[in-house]
Structures are given as structure tokens and as C-alpha cells.
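Peer 1: One-letter residues, chain by chain:
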Amino acid sequence: MTAWRGADLISIRDLGREEIEKVLDRAQTIRPDSSLLRGRVMASLFFEPSTRTQLSFATAMERLGGSVIGFSGVEGTSIQKGESLYDTIKMVERYADVIVIRHPLEGSARFAADVAQIPVINAGDGANQHPSQTLLDLFTIRRFCGRLDGLSIGMVGDLKYGRTVHSLATALTHFEGVKLRLISPPLLRMPPRILEEELRGKIEFEETEELELSDLDVVYMTRIQRERFPDVEEYERVKGAYILDLEACRQLKPEAIILHPLPRVGEIDPEVDRLPQAKYFEQAASGVPVRMALLSLILLG
Amino acid sequence: MTAWRGADLISIRDLGREEIEKVLDRAQTIRPDSSLLRGRVMASLFFEPSTRTQLSFATAMERLGGSVIGFSGVEGTSIQKGESLYDTIKMVERYADVIVIRHPLEGSARFAADVAQIPVINAGDGANQHPSQTLLDLFTIRRFCGRLDGLSIGMVGDLKYGRTVHSLATALTHFEGVKLRLISPPLLRMPPRILEEELRGKIEFEETEELELSDLDVVYMTRIQRERFPDVEEYERVKGAYILDLEACRQLKPEAIILHPLPRVGEIDPEVDRLPQAKYFEQAASGVPVRMALLSLILLG
Amino acid sequence: MTAWRGADLISIRDLGREEIEKVLDRAQTIRPDSSLLRGRVMASLFFEPSTRTQLSFATAMERLGGSVIGFSGVEGTSIQKGESLYDTIKMVERYADVIVIRHPLEGSARFAADVAQIPVINAGDGANQHPSQTLLDLFTIRRFCGRLDGLSIGMVGDLKYGRTVHSLATALTHFEGVKLRLISPPLLRMPPRILEEELRGKIEFEETEELELSDLDVVYMTRIQRERFPDVEEYERVKGAYILDLEACRQLKPEAIILHPLPRVGEIDPEVDRLPQAKYFEQAASGVPVRMALLSLILLG
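Chains as they are written, first to last, in numbering that gives the first Met the number 0: chain B, 0 to 300; chain U, 0 to 300; chain F, 0 to 300.
Hints in this document: simulated from the structure, not taken from any laboratory.
Cβ coordinates follow ideal geometry from the N, Cα and C atoms, glycine included.
Each hint should be verified, as a subset may be incorrect.
Said to hold, decoys possible - Looking from chain U toward chain B, a few residues come up when the C-beta cut is under 7 Å (computed): (1) SER33; (2) LEU35; (3) THR50; (4) ARG51; (5) SER55; (6) THR58; (7) PRO262; (8) VAL264; (9) ALA277; (10) PHE280; (11) ALA283; (12) VAL287.
Claimed, not checked - Selected chain B positions facing chain U (Cβ under 8 Å, derived; list incomplete): (13) GLY38; (14) VAL40; (15) ILE68; (16) ARG93.
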């Protein structure tokens with residue numbers, strides 16, 4: 000995929016360095032313009048909740064003058080009457096100009112893209128992919144570190160189930176001299192499939208249990224979810240070891256940045272918010288320009 | 000009703016041939032135009048779910064530059080606090096320029112229209128009426144068959160509870176030389192009230208249990224709902240007899256068309272989708288131009 | 000607060016007579032104008048339902064050409080995943096130009112305003128404040144009585160839990176020669192805190208159990224909620240005593256007006272709707288111009 004116009008965005012693996020940089024460049028320069036997508040309609044099909052993604056896609060579309068139809072949650076949709084995803088997509092492709100889909104099932108977005116005659120953007124299909132999140136992560140890193148090459152990046156917490164760190168690590172293989180430190184409890188290590196198929200030989204990485212942050216340019220925190228653990232005590236022990244508080248932040252370089260895909264539930268102490276390194280709210284904010292860039296590239300080229 | 004501007008649309012029975020054709024003609028020529036209804040507000044009051052109807056009305060309004068307010072489901076509305084439909088309408092008529100209402104109670108849309116000082120469009124009131132569905136059915140038939148007069152039309156499945164077939168049959172009485180074949184199990188025959196009051200003497204019709212389709216121009220399928228049957232075995236037996244699969248489609252004329260108001264739950268085998276006669280997704284798509292036509296006629300004349 | 004641009008609106012107590020009159024004057028002259036707020040985004044964060052407030056804020060924004068993002072109810076939001084109000088606001092302030100928040104917790108709107116770098120409008124924080132409701136109440140009174148000074152105003156029903164009567168009474172202290180009659184059962188009297196801190200020495204008031212209305216210019220009815228009563232019989236007895244029906248309305252002056260924040264559940268007999276004094280639907284309608292005025296003052300000055 001080199002031409003964006005009319006393209007789907009399903010997996011970050013579909014994008015090379017050039018495509019990624021095209022989105023980031025566009026995101027850097029795009030400004031709200033209520034005539035750009037006037038009359039265009041985005042279908043926002045959220046089969047499961049995601050406030051941040053949904054609101055920032057909607058904001059992006061509205062800031063460019065477009066309109067949004069859709070639903071959030073299947074409560075009150077024909078899916079409850081037993082309609083297939085196929086039929087839902089065949090309907091919506093005739094109402095809208097682009098589909099943004101969030102669905103609990105892995106592969107559902109690819110399926111939707113195969114079915115639809117209009118472009119489909121995957122806004123999360125289960126544990127699988129959420130490429131616009133990765134693009135906004137990269138955008139934020141480039142914005143604050145000034146580059147994507149040659150960075151030392153730590154990923155902390157749940158690296159097993161965390162969709163965002165899988166995609167981000169994969170995307171970083173396109174850049175030169177990046178060093179990854181994968182920091183997690185043994186139970187939540189990055190899956191071998193990712194390590195071997197996506198990273199090995201393409202990017203330098205090391206795995207550790209220690210929260211060693213002093214040489215990092217980027218600390219990417221993730222949420223450790225209770226339901227991943229068979230045992231509550233084990234959960235409490237593990238969770239406590241990967242919390243970023245003021246004490247843990249003392250090791251950070253002054254120019255390092257802290258990211259988190261949000262929502263957080265205790266992994267970052269609110270006191271950290273006032274450190275200059277805290278950039279996770281800026282990261283969330285990047286969702287709007289990055290999605291404006293995506294919508295404009297896909298709808299207009 | 001000959002002048003559309005400011006008119007309600009509650010029942011297909013309120014429309015004569017001339018009014019119907021005016022909508023269909025408008026739907027055929029209307030194009031997205033983001034200045035046509037700029038500044039106008041449509042209240043979309045869905046007291047019960049209907050994805051397709053709701054999304055296509057919203058799309059129609061947005062494509063003409065208007066805005067949409069409203070709700071889908073009574074969860075989270077003042078109706079839960081005990082507000083009457085009367086009071087809800089008296090509020091909304093002062094916020095919006097047109098009301099689109101879907102309500103589980105028969106007669107509720109007529110009641111809303113009597114109360115409101117702005118136009119009301121019935122988007123389904125229980126088992127009663129859903130006139131914009133009938134208009135898009137007629138639009139689709141005219142589009143693919145080239146005419147509405149002189150057609151042989153089969154209606155298949157649940158003709159007892161199926162609101163869409165009642166309305167469509169009624170509307171077809173305005174056209175010349177139409178022949179209806181009503182194909183259903185005995186339990187789900189078209190109600191005598193419709194047969195005697197709406198059809199007898201106005202249109203040629205026959206009732207049968209046999210899925211005989213070879214001479215039809217239009218096959219209108221409907222969903223057979225499990226909850227209509229006192230007995231699960233009876234349901235399974237009946238359901239199986241009125242499924243359209245490739246085998247059953249062999250009898251179809253090449254120029255025949257298959258319609259279904261959707262969502263379908265097994266009545267049409269997905270393999271049928273690739274037959275040239277399958278037009279149910281085109282039918283769903285017609286919801287947008289037909290509702291654009293309705294909104295423009297009612298708001299602008 | 001004398002300059003509106005960029006200001007929050009959290010409590011009616013933050014407004015003096017001059018600020019109040021500025022909103023009412025603007026509301027009187029403002030007209031729909033789809034270019035005024037074009038490209039601006041309002042975040043509508045309803046953590047609990049309120050159809051009327053939500054729809055009228057949305058209508059106001061749309062009538063001025065702006066867009067709306069947000070949610071209604073926490074079902075399907077990241078709040079369910081445990082996200083703090085702080086984090087939600089830090090996200091949304093980067094998506095939108097103004098936040099309208101409804102939240103069940105007292106003080107939550109003030110908290111949101113302290114956190115956010117964009118203006119926040121309180122659309123109801125628990126039993127506490129709902130200032131735009133008070134502004135539309137004042138707008139309606141001034142519209143139909145021609146003034147706010149020198150009026151006799153009766154407040155009827157649940158004066159203990161009724162947030163709207165607390166705020167309205169407080170706001171009325173800015174005007175000259177207003178007389179308040181507080182009509183309620185002993186269990187539901189205006190709280191001493193309001194009486195002593197907000198009203199005593201600033202406005203003339205009397206408390207009574209009798210539905211004596213003959214000398215009033217304004218009768219402000221409220222809903223008596225069953226859940227306020229430990230005993231159902233007590234509830235039924237009390238409710239019956241403060242119902243406005245045709246009989247009770249005979250005492251009204253011809254030029255008096257009846258208001259109610261709605262939804263009503265039996266406190267006003269629907270037969271009263273056709274009396275010339277019934278102005279509660281006009282009051283609900285005022286929500287749109289008053290909120291258009293607020294949004295234009297806060298976003299544009």
C-alpha cells in the first residue's frame with residue numbers, strides 16, 4: 000500500500016516506514032478545516048466500548064467538517080436480532096464513505112475490509128491489532144524525542160496481552176538502531192510468536208523483570224489487568240512491582256518521556272502527572288491529529 | 000395530502016399513487032447537498048432499537064447538511080423517570096424541525112403527530128406501520144423492474160406479523176394489474192383484516208403454502224421469528240420450508256428480483272447473495288435516497 | 000466573572016445580576032446561525048441520564064453550526080474500566096472546545112473545571128447545582144412577566160431535594176422586591192442551610208403547607224419523588240396535596256404563569272396544559288436559546 004486514497008488500515012504490519020511517515024507528516028501539518036470533508040459520512044461501529052478511540056475519531060471527522068453515524072455497544076442494534084457482521088457491513092457500506100470498526104473478535108476488521116467496498120479502519124479487533132493507536136504512539140515519540148531512529152524504548156507491565164505494545168514493537172522494526180527493553184513479570188512476557196516472528200533479527204531487544212529505566216528515552220507503561228491472573232495475591236504482588244511513582248521516576252533522564260495508552264488504573268501514580276516527562280495526556284491528544292490525517296489520506300489521498 | 004411541506008408521514012394508507020410517485024421521483028434525482036438542510040435539526044426518537052432505519056435516516060439528514068439529535072433505546076432518557084409520550088413530544092417539538100419516531104406501541108406515531116406542531120415521520124409503531132420502509136421497497140422495485148404496474152409479486156414467510164408486507168401490499172393496490180402471491184404456512188397467513196379491508200377488490204391476490212416462484216417478478220422474503228411459535232419443533236419445520244437457497248432460486252426468472260427488509264436470520268442463504276437477482280442490499284441502500292427525498296419534501300416542499 | 004469568554008459555569012452563585020442579565024439579553028436576541036460556531040466541538044459528558052438537558056444543549060450547539068461528541072450513561076465508556084474523572088477530563092479537554100458535564104456526585108463539575116484547561120458548564124452535579132436550568136427559568140419568567148423585580152413567586156412541592164428551586168431562590172436574591180412563598184409538606188421543607196445562608200436577609204420569604212396561589216405571579220411546581228419517603232402511604236397523602244389541577248388553578252391570577260422543570264409525573268394535571276397560564280413547555284423550549292447564549296458567550300465572548 001503506497002497510495003492511501005481508498006485504502007484500508009487493518010494492521011500496522013501492512014505499513015512500511017514510508018507509509019508511517021506519510022501519516023505522521025500529515026498529522027503534523029493538518030489543521031481543523033470544516034470544508035475538507037464536508038458532506039462525507041464516517042460510520043463508527045463500536046461493537047464494544049472504547050471512549051477514547053471513539054471520541055477522538057468522531058472529533059477528527061467533525062473537525063474536518065464531516066459527519067458521524069453509528070453505534071457504541073450492540074445494545075439497541077440489529078446485531079441483537081442476530082444480524083451477521085457480513086450483513087451489517089453490506090448495509091453500512093452503502094450509507095457511509097468510510098467505516099471505523101471496533102469488534103471483540105480477532106480478524107473481524109480484516110473480514111469487514113474484505114466485505115466492504117469502502118475503506119475500513121480497524122479501531123481494535125480483540126487482542127489483535129489497533130493500528131491508529133500505534134500511529135499516535137509513534138507520532139508522540141517523534142514529536143517529543145525529535146526522531147524515531149536510535150531510541151532506547153522500554154515497555155513495562157503486561158506485554159503478553161497488551162495489544163498496543165505488540166503493534167508498537169512491530170512498527171519500530173522499520174526504524175534504525177532502536178533498542179527495546181521488555182520489562183515484565185514472567186507471567187506477562189511478550190509472546191514468543193511476537194518475539195520470533197516480528198522482532199528477532201529486525202530489532203535489538205532484551206527481556207527483564209527489573210524496572211531499570213535510567214538509560215531509556217521512552218518508557219511505555221501498560222495496564223496490568225486483574226483478570227489475567229489465576230490468583231489475586233499473585234496479581235497484587237506483580238502489580239505493585241511495575242508501578243511508576245515519583246520514586247521510580249528518579250532514575251529517568253530529564254529528556255525521557257513516559258507514555259501510556261490509557262485508561263490507567265494505578266500503574267502511574269497521579270503525582271507523576273506534573274513531571275516534565277509525563278506525556279501520556281499529550282499522547283491521548285495526538286489521537287485527533289493522527290486520525291484527521293488518516294481520514295484525509297484515506298478519503299482524499 | 001398533496002402538498003408535502005409540513006406534512007406528517009404516519010401510514011402508507013395516507014398516500015395515493017401521486018404522492019408515492021412524487022417521493023420516488025425525488026429520491027431518484029436527489030443528490031447529497033450539504034447546504035440544502037443546513038441549520039435544520041431532526042429529532043431521532045427511537046424508543047426501541049432499529050439500526051438500519053436509524054442509521055439511514057441519520058445519514059439522509061447529514062448528507063443534506065442537517066443535524067441529528069435524539070436517543071436510541073429508553074435507557075438513559077426521562078421516559079424512565081415516568082415522562083409521558085405527550086410531554087416528550089411537547090419538549091422535542093421545540094428543539095427540532097422534524098421528528099422521526101420509532102415506538103413499540105401501535106398508534107403512538109399518530110398520537111405524536113396529533114400532539115406535535117412540527118412534522119412527524121413514523122419509523123415504525125409496533126406491528127402497525129413503517130411507511131418509509133414501504134416507500135423504499137417500492138423505489139427498489141421500480142428501479143430494478145422499471146415499473147410498478149403489471150408486476151407479479153410474491154410475499155414469503157411470516158405474513159401475519161410482518162408489518163412490511165402488510166404495508167407493501169396495501170400500497171400496491173394503487174398500481175394497475177399487480178398480482179400478489181401470498182406464500183406462508185397456515186399459522187402465519189396474512190390477517191383477514193388486511194385481506195378483506197385493504198386488498199379484496201382492489202388487487203388480485205392468491206394464498207398458498209407452496210414456494211412457487213417461477214412466474215414472479217419480485218420475491219419479497221420476510222423473517223420468521225421463533226417467538227411467534229408456541230412450539231419449537233413447529234417453528235423449525237416451518238422455518239425450513241420457506242428458506243431461499245440456490246436450489247429454490249433455480250425456478251426464478253433471470254430478471255426477477257429478491258427483496259428482504261433485513262435483518263435476515265437464515266431465511267436467505269448467503270450463497271444467494273451472488274445471484275444477479277439478489278437486490279436486498281440495494282434495497283437497504285435505497286433507504287438513504289428515499290429518506291433524503293422525504294426529509295426534503297417535508298422540510299422544504 | 001464579568002468577562003464570559005473562556006469562563007466556566009458551575010454554580011448560579013458565581014453570577015451576579017449583571018452576568019445573569021447578559022445571558023438573558025443574549026438569549027433573547029440570538030438566532031440560529033450555522034456559521035457562528037462552525038468547527039467548534041462540544042463534549043457532552045452525561046455520566047447519568049438527562050434527556051431534556053442533553054438534547055437542548057446538543058440542539059443549541061448544532062443550531063450555531065458546532066458539533067457534539069460525548070456519551071450518555073457510563074455504559075460503554077472507559078469509566079467502567081476504572082478511569083478516574085481526572086483522566087477523563089484530561090483526555091476530553093484535548094478533543095473539545097467546551098465541556099458540558101452531568102455527574103451524580105456533588106462537586107464533580109467544580110472539580111472538572113479545576114482540572115480542565117477549557118471551559119466547563121455544569122449540567123447538574125447530584126443534588127447540588129444546575130445553573131443553566133436556573134437561567135432558563137429566569138429567562139421564562141422575564142419573558143412572560145416582563146421583569147424579574149417585584150414578583151411574587153411560589154415554589155411548590157419538594158423543596159428539600161429539589162435542586163432547581165434552591166438555585167432559583169438563590170438567583171432571585173439579586174432582584175428587587177421579590178417575595179417567595181415556599182409551599183411544601185413539613186418533610187420536604189427548604190433546607191435550613193439554604194434558608195439561612197442564601198435567603199435570610201437577602202429576599203423576603205415565607206413557608207407554608209397551604210397551596211395558596213391567588214396572589215402569585217409565578218407558580219413553580221416540582222416533582223415529589225416516591226423514593227424520598229420512608230412510607231408509601233405518607234407519600235400518597237403528601238403527593239395528593241400538592242397537585243395542580245383545574246380546580247386548584249381557579250385561584251390563579253389571569254396573568255400568572257405556571258412553571259415546572261419537567262419531567263412531571265402527575266404534579267400537574269394534563270388538563271391544565273390548555274390554560275393560558277401553563278408555560279412549562281415554553282420553559283423547556285427556552286433551554287435552546289439560553290444554551291445558545293451560554294455557548295456563544297463562553298466560546299466567543
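Peer 1: For each hint, tell me whether it holds in the structure or not.
Peer 2: Hints, verified against the model:
no.	hint	result
1	SER33	4 Å, holds
2	LEU35	11 Å, violated
3	THR50	4 Å, holds
4	ARG51	6 Å, holds
5	SER55	6 Å, holds
6	THR58	4 Å, holds
7	PRO262	4 Å, holds
8	VAL264	4 Å, holds
9	ALA277	11 Å, violated
10	PHE280	5 Å, holds
11	ALA283	5 Å, holds
12	VAL287	6 Å, holds
13	GLY38	4 Å, holds
14	VAL40	6 Å, holds
15	ILE68	5 Å, holds
16	ARG93	3 Å, holds
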